[in-house]
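Asks: These protein sequence lines map, in sequence, to chains S and D.
Just so it is clear: in the first sequence, position 54 is 54 by our numbering, and no numbers are missing.
Just so it is clear: in the second sequence, position 80 is 80 by our numbering, and no numbers are missing.
Be a bit skeptical, because a hint or two may be false.
What the hints assert, rightly or not - Covered stretches of chain S, as calculated for chain D (at least 3 residues, CB under 8 Å):
no., stretch
1, 29-43
2, 50-60
3, 207-215
What the hints assert, rightly or not - Simulated crosslink set (SDA-like; lysine to any residue; CA at most 20 Å straight-line):
no., chain 1, residue 1, chain 2, residue 2
4, D, 195, D, 205
5, S, 203, S, 223
6, D, 195, S, 168
7, D, 180, S, 90
Said to hold, decoys possible - Which stretches of chain D does chain S cover? Using the computed rule of at least three CB atoms under 8 Å from a CB of chain S, they are:
no., stretch
8, 148-158
9, 164-170
10, 179-185
11, 194-201
12, 211-221
It is worth saying that the hints were derived from the structure and are not from the lab.
By construction, the Cβ of each residue, glycine as well, lies at the ideal position given by its N, Cα and C atoms.
The lines below spell out each chain.
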Amino acid sequence: MAIDPQFIDVIPPSEMRTCLPRTDRLGASWPIYEDQVDTIPRSEWPALAAQQDRSLQPLVRKIKDQGQEGSCASNACSGAAEAITVKQFGIEAWIELSAMSLYKRVASSAQSGSTINDNIREISTRGILPTDTPQNKARFAHTHPNTGFGRSLPTDWEVTANRFRILEWFDVASMDGFVSAILRGAPVFYGRAGHAIFAVSVKTENGIWYLKYANSWGEWGEDGFGYDSESFVRGSIQSYGAVAPRVVSTWDDWLIPREMAA
Amino acid sequence: MVITGPDKLQRNAYGWFSVIGLQAADLQKTSVYCVGVDANGQTIPIDTITCIPFTGWGGGHALFVVAQQSGNYTITITVNGWRGSLDRAVADATSAAIETDLLGQLQLVRDKAADTYPYRNGTTTLEVVGANPPPPPPPPPPPPETGKRWIILVRESQQDSPALALQIMELRVSTYLSSKGHAFLALDDDQTGAKPWLDELSGVSGPGLIITERLADNGAGPVLFKGPMPATYEATIAILNEHGG
Chain S
1 MAIDPQFIDV IPPSEMRTCL PRTDRLGASW PIYEDQVDTI PRSEWPALAA
51 QQDRSLQPLV RKIKDQGQEG SCASNACSGA AEAITVKQFG IEAWIELSAM
101 SLYKRVASSA QSGSTINDNI REISTRGILP TDTPQNKARF AHTHPNTGFG
151 RSLPTDWEVT ANRFRILEWF DVASMDGFVS AILRGAPVFY GRAGHAIFAV
201 SVKTENGIWY LKYANSWGEW GEDGFGYDSE SFVRGSIQSY GAVAPRVVST
251 WDDWLIPREM AA
Chain D
1 MVITGPDKLQ RNAYGWFSVI GLQAADLQKT SVYCVGVDAN GQTIPIDTIT
51 CIPFTGWGGG HALFVVAQQS GNYTITITVN GWRGSLDRAV ADATSAAIET
101 DLLGQLQLVR DKAADTYPYR NGTTTLEVVG ANPPPPPPPP PPPPETGKRW
151 IILVRESQQD SPALALQIME LRVSTYLSSK GHAFLALDDD QTGAKPWLDE
201 LSGVSGPGLI ITERLADNGA GPVLFKGPMP ATYEATIAIL NEHGG
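Generate coordinates for the entire structure from the input sequences, incorporating the hints supplied.
Replies: Shown next as structure tokens:
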């Protein structure tokens, strides 16, 4: 099915351009994907991208909605973390995560915005809280809504947040690395045009390569998803940052069973 | 009675033994016991040796012996007359605590029995040599019971190939797995909780696959399979099918 042009290379309104340019040099803080993993030659992209089952889209259980706040980078980061959780442990292990519980620690106001790097640094060290759904409230001591910058984090929130962390990830430096990471099964969250999202698949149409991403604008686009062309993204990868997470924490013991004696 | 014959026989070769002291009339009342023992002193099954006493054309008495399994055998020929048989029956009934009425009847018959054939026997030993046939192959293991399974992949996720990434997604969204109640884990090798499964895959290089029972409490039962992760989803499902999943 052809991509709807209105959802390609969408430039957000100025008030929603809240993904801030990175403040550190590429590779200064974390390993660069292209240095650690062989990128896949472009000649192999078409055949791999044509395998529909390869898409990471089924790992996205819910499209996030950042409302009118500047938490796009936190939503992209937490959305990617949720996707990796489902990939590792299964749909039953999915926990909706509160982007706001992350954003409050990397931003100065509801509209200040945040960087990709600050989000990955914070979610990897102190973690993130589950959203305050009735199910999560019943399961966890600390939860937080997905929006509402003015609301304080609960006392001792770190205890629960520490269970939900991204443990391993790479900085992605190029479009070749970006596509390779996705084709090797890692979602990539990134910023471009002042907005952050996370990519789940690649697609080619009329000779142009596109990234399909999950947005955080609720009911928008193609069931919450949009597309970025390679030319739209290429220049932004290094200025905003792109991160490919691979491993998230085992947030509860029951996720991995222990063998019983024979 | 005296039994004479070869000290040694080849396995599956027959041998003749003469029996001195055995009379033609005794053959109606004769029993032959052949007992074999192996190198460890364990009794060899009786169906591995055949002993048949009979009277030859010249009136002499002989024993035909052939053994299917090498080992040391003790051959005993026994003349056990009517009275002797009843003595044994009474002894057996007494030790087995047979009810008094039956035991009493046995004793009554035994006491009235005239017996001109008192118990007599003769014994010799025989070594049967030759390589024994290989033991029969063990029966194939019973097919595993079908049920819910854990399918656990352990690998360094940094090394995921495009083919493995595809298979992980196919397993993750597999309607076959979900319809059977199976559960799939894609673990990184240094992830908390992954170490016991990584240890289970000791010696397996690259991505490894473990299949276990999935218990009612969501725990893992005994390991049913462990080995390299197959290259395709179909191959993994085939292994799962072979192990009851």
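Asks: Okay, the stretch 50-60 of chain S and chain D, do three or more residues pass the C-beta test at under 8 Å?
Replies: Contact hint for the stretch 50-60 of chain S vs chain D: holds, 7 residues under 8 Å.
Asks: Are there three or more residues in the stretch 148-158 of chain D whose C-beta lies within less than 8 Å of some C-beta in chain S?
Replies: Answer holds; 3 residues pass the 8 Å Cβ test.
Asks: Counting residues of the stretch 164-170 of chain D whose CB is closer than 8 Å to a CB in chain S, do you get three or more?
Replies: Coverage by chain S holds here, the residue count being 6 at a Cβ distance below 8 Å.
Asks: Assess, step by step, whether the Cα of residue 195 (chain D) is no farther than 20 Å from the Cα of residue 168 (chain S), and give holds or violated.
Replies: 17 Å, holds
Asks: Closer than 8 Å, Cβ to Cβ, for at least three residues: run that test on the stretch 29-43 of chain S against chain D and report holds or violated.
Replies: holds (count 3)
Asks: Counting residues of the stretch 207-215 of chain S that have a beta-carbon nearer than 8 Å to any beta-carbon of chain D, does the count reach 3?
Replies: violated (count 0)
Asks: Given the hinted pair residue 195 (chain D) and residue 205 (chain D), is their Cα-Cα distance within 20 Å?
Replies: Distance of about 15 Å is within 20 Å: holds.
Asks: Verify this for me: three or more residues of the stretch 194-201 of chain D with a beta carbon less than 8 Å from a beta carbon of chain S.
Replies: Contact hint for the stretch 194-201 of chain D vs chain S: holds, 4 residues under 8 Å.
Asks: Assess, step by step, whether the Cα of residue 180 (chain D) is no farther than 20 Å from the Cα of residue 90 (chain S), and give holds or violated.
Replies: Distance ~15 Å between residue 180 (chain D) and residue 90 (chain S) Cα, so the pair holds.
Asks: Taking only the CA atoms, is the gap from residue 203 (chain S) to residue 223 (chain S) under or equal to 20 Å?
Replies: Cα-Cα ~17 Å, so holds.
Asks: Counting residues of the stretch 179-185 of chain D whose CB is closer than 8 Å to a CB in chain S, do you get three or more?
Replies: holds (count 3)
Asks: Do three or more residues from the stretch 211-221 of chain D put their C-beta atoms closer than 8 Å to C-beta atoms of chain S?
Replies: n = 7 at 8 Å, threshold three: holds.
Violated hints amount to a single one, hint 3; each of the other numbered hints is respected by the structure.
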